Each structure stands twice: as C-alpha cells, then as structure tokens.
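In the order they appear, the protein sequences are chains A and B.
Using the working numbering, you'd call the opening residue of the first sequence number 1 and step up by one each time.
Using the working numbering, you'd call the opening residue of the second sequence number 1 and step up by one each time.
If you are wondering where the hints come from, they were derived from the structure by calculation, not from laboratory data.
Be a bit skeptical, because a hint or two may be false.
[What the hints assert, rightly or not] Derived DEER-like restraints, expressed as beta-carbon distance ranges:
id, chain 1, residue 1, chain 2, residue 2, range
1, A, Ala116, B, Trp39, 51 to 57 Å
2, A, Arg39, B, Gly232, 48 to 54 Å
3, A, Gly224, B, Trp39, 30 to 36 Å
The structure presented is a predicted model; accordingly, all values stated were derived computationally and were not measured.
Beta carbons: idealized from backbone N, C-alpha and C, even for Gly.
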Amino acid sequence: MKKAKQMNWLVALSLLLSSSWVQADWAVNMREGVTAISRDVYSLHMIIFWVCVVIGVLVFGVMILSMLMHRKSLGVKPADFHHSTKLEIVWTIIPVVILVVMAIPSTTTLNAMYDAGDADIDIEVRGLQWKWQYTYLNDDPEKEVKFISSLLTPSEEIYNDARKREHYLLDVDNEVVIPINKKIRFLVTSQDVIHAWWVPDFAVKRDAIPGFVHEAWTVVDEPGIYRGQCAELCGKEHGFMPIVVRAVEQAEYDEWLASKQEEAREVFETVGKEWTHDELMEKGEDVYLRVCAVCHQVNGQGLPPAFPTLVGTGLAVGPMQEHVDIVLHGKAGTAMQSFSSQLNAAEIAAVVTYERNAWGNDMGDMIQPSEIHEMMNGGQ
Amino acid sequence: MSSVIEDHHHEDHHHGPAKGIMRWVFTTNHKDIGTLYLWFSFLMFLLGGSFALVIRAELFQPGLQIVEPEFFNQMTTMHGLIMVFGAVMPAFVGLANWLVPMMIGAPDMALPRMNNYSFWILPFAFTMLASTLLSEAGAPNFGWTFYAPLSTTYAPPSVTFFIFAVHLMGISSIMGSINVIVTILNLRAPGMTLMQMPLFVWTWLITAYLLIAVMPVLAGVVTMMLMDIHFGTAFFSAAGGGDPVLFQHVFWFFGHPEVYIMILPAFGVVSAIIPTFTRKRLFGYASMVYATASIAFLSFIVWAHHMFTVGMPLAGELYFMYATMLIAVPTGVKVFNWVATMWQGAMTFETPMLFAIAFVILFTIGGLSGLMLAIAPADFQYHDTYFVVAHFHYVLVPGSVFSIMAAVYYWLPKWTGNMYDETLGKTHFWLSFVGINITFFPQHFIGLAGMPRRIPDYALQFADYNMISSVGAFLFGFSQLFFMFIVIKCIRGGKPATAQVWEGAHGLEWTVPSPAPYHTFTTPDGIDLKEAHG
C-alpha cells in the first residue's frame with residue numbers, strides 16, 4: 001500500500017519531467033554569445049564542466065561499484081586497510097595538476113576582460129531604482145545623448161490579466177543602440193543602491209555601485225537584439241529592470257545617434273516656451289505613469305509607509321517650492337530619489353503640475369519648464 | 001585537570017533530571033541542552049522551509065500570483081537568515097552538545113551554565129527576528145547577505161531589530177564555541193590524545209575556532225550598519241565618503257568561513273557513519289584531520305570570490321581565483337577518503353548510511369559546481385544566477401541538512417533507547433532524496449540559461465524548470481513532517497536498542513547503555529581508549 005503510493009508519485013513526477021522535455025526552444029546551457037570574450041568564457045565553462053563530469057563519473061563510478069560489490073548481503077568480509085600514503089599523495093597531486101591546467105586559460109581570458117582601453121564609444125550606464133540611465137558621452141555636451149530605459153511589459157501581463165507576450169519582462173522602452181565591430185566601453189555606476197548590469201550574450205556583468213565608476217567593454221560582431229537583466233538585488237522591483245542592447249551597422253547607428261541628438265535639441269527648445277495647463281497635465285500624466293507610479297501607484301495613493309500617498313495630504317497639496325525641491329533633489333534616507341538628472345525641466349514641470357491637479361488634488365496652479373530650468377541650473 | 005569536576009560529581013551523582021518545564025529552563029545537562037538545540041533547530045527548519053515554499057509557490061508560474069515583490073524579498077531574506085542561523089548552525093551545536101562529551105569520555109560540557117545561556121538566547125533572538133514580519137513596513141527585505149546601502153539607507157525600520165537579533169545569535173555562537181573548545185581541550189578522558197579523537201570532535205574543534213574568529217566580524221559589520229542608520233556615520237554610504245564595497249569585504253570575511261562552519265561538522269558526522277556501515281575503519285584518518293584544518297585555513301583567504309563582479313583590480317581577481325581553486329584539493333582528499341573507506345567494506349544500507357552516501361554524492365556535485373564558480377571569467381556569467389542558488393543549496397541541503405538527518409537517525413537509538421522504524425526512515429530518505437534533486441537540479445539549467453536569483457517573476461523561457469523545481473520543493477518540504485513523525489514515534493517507543501546499536505559502531509558513546517544515562521562518564525575509570533575512534 002505504502003509502496004504503491006510511492007510509485008504513483010514517481011510516475012507522476014516522471015511524466016511531468018518527460019512531457020516538459022519534449023517542448024522546444026529551451027536553454028539548458030550558457031549562451032555562447034556574440035563577442036570574442038563571451039566565446040572564450042563559454043569554452044572555459046565547457047572545459048571545466050567536462051572536467052567536473054569526468055571527476056564525477058570516476059568518483060561516483062567507484063562508489064556505485066563498491067555499493068554493488070561490497071555489500072554484507074553478498075557475504076563479503078570487510079578488508080582491513082585504512083591508509084595508503086602513496087594513494088593519498090596521488091590524489092592530492094592529480095587535482096593540483098588539473099587546477100593549474102585550468103588556471104592558465106582562465107588567467108588569459110580574465111586579462112583580456114580587464115583590457116578596457118582604447119574604446120571607440122563610451123557609454124555611462126547608471127542604475128536607478130528600478131531602471132537604467134544611459135549617457136553617450138561626448139566631449140561636446142550639446143551632443144551628449146542621455147535617456148532612461150525602463151520596463152515595457154505592462155502590469156496587466158505581470159498580474160496575469162493579459163496574455164504574456166514574447167520577451168515578457170525583457171522588453172524596454174528605450175534600447176541601448178551600439179554599432180557592431182566597435183569597442184564599446186561601459187562606465188557602470190549607480191545612483192542609489194547596488195545594481196548589476198548584465199548582458200549574457202556579451203559575458204559582461206558589472207556591479208553598479210554608488211560612488212564608483214567601473215569599466216566593462218565589448219565588441220559585438222553580429223547585429224541583433226541582446227537582452228539581459230539586473231543581477232544584484234536592488235529592492236522591490238529588482239526583477240523588473242531589464243536591459244536591451246540593439247547592435248546595428250555603423251550607418252544605422254550614426255542615423256540613430258543623430259536623431260537622438262536632434263530629439264535632445266527639441267526638448268531643450270520646448271523648455272523655453274510657455275506651456276498651457278492642459279499641455280502640462282497631459283505630459284505630466286505620461287511622465288507620472290512612466291516614472292512615479294511604480295512607487296506612488298497609478299492612483300497616487302502610494303504604499304505607505306515606504307511610499308507615501310500624494311492624495312489630499314503632504315507635498316502635493318503644500319507649497320509649490322517644497323514639492324519641486326523634493327522631486328529635484330530627492331529625500332535623504334528614503335526611496336525618493338533625485339530626479340534632476342533623470343527628467344528634463346519640461347518633464348519635471350509637467351509631473352509636478354499633474355500631481356497637484358490629479359486624483360482630486362485641486363491646487364489649480366502650475367509651474368513652467370523655464371522656471372524649473374532656472375532652479376536646476378541656478379541650484380547647482 | 002578534573003579535580004573540580006570530580007567534586008561536582010560527588011554532589012549530584014544520583015540526581016536525575018528535574019521535573020516539569022523548569023528542567024528545560026534551568027538545565028545545565030549537556031544532553032538536555034543538546035535536545036533543546038535540536039528541537040529548536042527543527043522548528044526553525046520548518047519555519048524557514050515554509051518561507052521557501054512561499055517563494056517556490058510564487059515561482060511556480062511566471063507572473064505575480066501569490067505575493068507582491070516586496071513580500072517576496074522579505075521571504076528570501078528571512079528564509080536565508082532562519083535556515084543559516086536558526087536551523088543548520090544550532091542543529092550542529094545540538095549534536096556537539098549531545099556527542100562531544102560522550103565521544104571524549106567527559107561527564108558534561110566544561111561550562112554547563114554558559115551552555116544553558118547560549119541556548120536560551122536563541123529563542124529570544126529568533127522571536128525578535130521573526131516578529132519583524134508583523135511590523136508595518138515589513139521584515140528585512142535585502143537578502144540574507146544584506147548588502148549596503150540597500151540594508152542601510154534604503155532599509156525598512158525593522159533592520160534595527162535584525163541587527164540586534166544578529167548580535168544575540170553571535171553571542172550565543174561564541175559562547176557555544178568557547179564551550180566546545182574548552183571541553184575538548186580539557187575534558188578528554190585521561191590518556192586520549194588529540195589524534196585519538198573521533199573526526200566529529202576534530203571537525204567541531206576546528207569549527208569552533210572558525211566561529212570565534214568570524215562571529216565578531218559579523219557583529220562588527222552589523223554595528224557599522226547600526227551606526228550608519230542611527231548615528232550619522234557613513235561607513236557604507238558613498239555620499240558621506242564611505243564605501244559600499246567595504247561592506248561586502250567585511251561581510252564575506254565572515255561569510256566565507258561561515259560556509260565551512262556549516263559543512264565541517266557534517267564531514268565529521270559522515271566520517272563516523274560510513275565506517276560503521278561499511279564495517280571497516282575510516283580511510284586516512286590523519287589526512288582527514290589535516291584536510292579539515294587546511295579547508296578551515298583556506299576559508300579565511302578566499303572571501304572575495306563572492307565578489308568577482310564588483311570591479312576588483314585584476315591582481316585581486318587572479319589571487320582570489322587561484323586561492324579558491326586550491327580548496328578543491330583538501331575537499332577532494334575528503335571525498336576520496338570516504339570512497340576508499342567504502343571500498344572493500346561489507347556494507348549495509350540503513351537510513352543513516354543512505355543519507356551519508358547521498359551526502360557524499362550530492363555534496364560532491366555541489367563541490368564540483370563550486371569549482372566551476374571559482375573560474376573567475378566564467379563566474380561573470382554564473383554570478384547571481386540560479387546556478388549559484390543550485391550550487392549552495394546542493395552543499396547546504398543534501399550536504400549539511402542530510403548530514404544532520406543522518407546523525408539523528410544514527411544516534412537516535414542511543415538518545416532514546418529505541419530503534420526508529422527502519423521502513424519509515426528509508427521512505428523518508430527516498431522522499432527527501434527525490435524531492436531535493438527535483439528541486440535543485442533544474443536550477444542549474446535555468447541559472448546557466450540566464451535567470452537571475454532573487455526575482456519574484458521571470459521570463460517565459462524559464463517557466464518549465466521553475467515549475468518542476470517548485471513541485472520538488474513541496475515534496476521535500478512535506479517529507480520533513482514525516483521525519484518529525486518518525487522521530488516522535490521513536491521517542492515514544494520501539495524496539496529496544498542495544499548499547500552498541502549498530503554492528504560496526506565504534507566510539508566511546510557506544511560503550512554506555514541505550515538510552516544514554518542522564519550522567520555519563522562521571523569518573524574516568526574504565527574508559528577503553530581503543531574504542532575512542534572507529
């Protein structure tokens with residue numbers, strides 16, 4: 001009876017296992033990737049894997065043989081040996097030799113990974129709770145391209161109210177675009193807690209640490225879209241800050257960069273113009289949902305006490321200046337970060353105006369992007 | 001050496017245990033305290049396990065179904081903390097309490113009153129830690145490794161409770177280790193040399209030194225956090241001129257020896273069980289001792305292999321890679337010695353032996369994946385993925401936890417005077433063995449395929465293996481209730497055990513009757529040192 005129950009379990013489990021194995025497009029191994037380094041890493045991984053398999057087969061083989069042959073039920077008498085200096089020396093030296101042999105290619109690869117000099121393009125990668133900011137560094141600050149890249153997967157998919165599409169949780173609004181066959185250097189840092197920027201196809205993983213700028217680099221040789229995720233626990237949305245890199249031909253990259261630079265110029269110009277209340281509200285809602293709602297929630301109610309409500313009490317219905325200050329500079333000791341480097345003046349003006357006039361907040365006031373611009377540059 | 005002890009004996013030679021609850025509150029008897037530790041750790045094992053089941057239930061399918069990400073993070077954190085500090089460590093202290101005095105022919109632990117304190121601190125520490133789940137902003141949510149500044153500037157207020165709880169656990173561990181060291185060095189039966197001690201005693205002696213060396217480091221790092229949070233310092237805050245990476249160096253200087261604290265006593269247990277059921281002496285006793293000491297030494301100089309991606313200089317990476325690879329050598333010696341012990345023995349496969357053999361195989365799998373993780377360039381791909389989760393669960397669950405279960409089955413007849421039910425024991429073994437492998441083996445694959453650890457939701461390509469893993473986790477989890485049933489059944493009755501219990505058992509603990517009397521070896525007379533180690 002007991003045995004039969006056990007068998008049922010085993011049968012059920014093996015069915016589950018086998019039915020799953022039939023399905024296709026499954027990765028069970030490390031990706032080989034699309035860079036020289038990632039291929040080196042992959043081959044190191046495979047070598048050490050097979051070394052482990054061989055050791056495992058030998059050790060477990062001897063054990064299993066022993067379990068089969070040397071059982072009391074076969075009437076064997078136990079032998080009496082209990083040490084052998086020769087044998088012990090042999091099985092100390094053999095592992096040492098294997099390790100030395102493994103250490104050599106590992107050292108070479110590691111050395112190459114650390115050679116981040118002579119890059120063609122420098123991109124600053126900044127981790128923020130819970131998105132990535134990319135800055136394409138340029139000696140001419142007017143030509144610097146800077147944008148935030150955050151999760152595109154809608155919450156209906158996450159909460160199972162909509163069908164999960166391809167690239168679920170691995171899709172972003174703004175991809176990092178890089179040219180192929182160029183050495184790209186990533187300068188990785190963080191605004192708040194420690195994150196880690198990881199793209200498996202490049203074998204690049206670098207911790208993004210506040211107060212440090214660490215280098216990583218890659219040369220991609222195939223155009224394509226490469227996806228990764230934050231790899232260091234960074235708070236509640238840690239699982240929801242993917243990375244998407246699109247590698248393209250040089251010409252396409254140049255075109256993309258030019259259009260981004262043009263966009264930046266346009267934004268700069270819009271800051272100067274006079275905005276209407278409706279324009280600010282419309283843009284504000286857009287910014288709020290993209291940036292603020294993750295903590296303060298779509299309805300502004302927040303998740304107290306960590307993320308306070310904005311409705312009816314507190315900053316959003318207090319003096320304008322204090323409200324703007326918190327958005328610009330953050331609040332020390334809380335999750336509220338400084339948005340002055342993430343959002344432009346128009347976005348900040350819009351979102352502040354929105355928060356003061358949404359969800360029944362009825363302040364009726366507004367602030368112009370040009371005023372914010374002044375505070376941002378005057379305050380520094 | 002033992003004049004004080006002898007006086008003590010004359011006073012209470014005929015005392016049995018006190019009656020009622022106060023027996024357990026005031027007890028200074030090593031057997032009672034061992035029992036308390038073991039039950040406490042089992043309770044924590046169930047609590048930490050229930051957190052693990054919340055995690056696995058949420059990860060059964062992609063999408064968020066059961067818990068919110070914030071609570072998920074609290075679960076991963078509490079699961080790790082409770083299992084490491086509440087389940088595995090106290091279980092080994094419990095085994096040490098029961099067995100070390102009986103194995104070396106001592107009447108009790110050297111510092112019995114302190115022994116009582118070091119146990120009774122724990123319920124308070126863990127009540128405080130667990131109570132944070134009820135606080136408004138929730139329990140600690142920054143992972144059991146609590147990296148700053150997530151655990152300082154960005155932590156929930158309950159972090160202060162966590163810090164205080166860690167301090168209490170540290171005090172308990174240090175007192176426990178002092179006791180173990182003093183007992184082993186001073187209370188061995190007259191004439192017993194260090195190299196005559198059973199390996200379990202050796203491994204615990206070395207473990208106790210590790211604990212004394214690193215628990216103050218843990219206390220230091222949480223105190224620095226406390227200062228950062230409440231007293232305006234900036235040890236780990238870059239904005240104040242501090243260094244978040246310093247946290248990781250200090251933490252792992254504790255954390256890596258901690259890993260060995262959780263496995264060395266397991267080596268001792270397995271080195272006792274395998275010779276018994278092969279009816280053959282342990283192969284390479286001396287090299288086992290030296291290998292244990294080497295592992296302990298190496299554990300202090302490899303900590304930054306947990307930090308290959310933080311951006312250390314190349315020289316640092318290379319050093320920590322080489323040093324880490326070196327650990328494979330003494331660990332290999334141990335595994336080879338166990339296999340050589342089995343070779344040409346006359347084996348039987350009672351439940352403790354099954355757990356011990358599973359330990360050798362599955363711990364070796366965990367050790368081999370550890371060797372893979374040591375290769376720094378490859379670690380850039382493995383780091384913080386489920387491959388790491390699979391690795392350390394293989395060394396901790398079928399490693400440490402299986403060895404504890406093996407120890408319980410092995411010594412339970414000595415403790416209770418009754419044999420446990422062998423059929424039920426074997427059933428428990430196979431359920432655990434199958435459950436644990438279904439849980440953790442697929443995690444190697446999802447890790448290599450790129451699933452980061454500590455995420456409440458995942459991309460669709462990881463769905464199938466996660467589902468399998470969750471099924472295994474529930475199988476393993478509920479099998480442990482069965483374990484509890486078997487143990488309670490054995491305590492309440494069963495076939496009476498002989499003094500030697502197992503045909504091939506050697507060691508002083510098997511020379512006393514079963515169940516072991518409340519006081520054993522009250523005088524050193526008549527101890528046969530030839531029996532000391534198997």
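Consistency of the hints with the structure:
1. The supplied range of 51 to 57 Å is met by Ala116 (chain A) and Trp39 (chain B), whose beta-carbon atoms lie about 55 Å from each other.
2. Arg39 (chain A) and Gly232 (chain B) have their C-beta atoms about 50 Å apart, which keeps the hinted 48 to 54 Å range intact.
3. The hinted window of 30 to 36 Å between Gly224 (chain A) and Trp39 (chain B) is violated, with their beta carbons roughly 57 Å apart.
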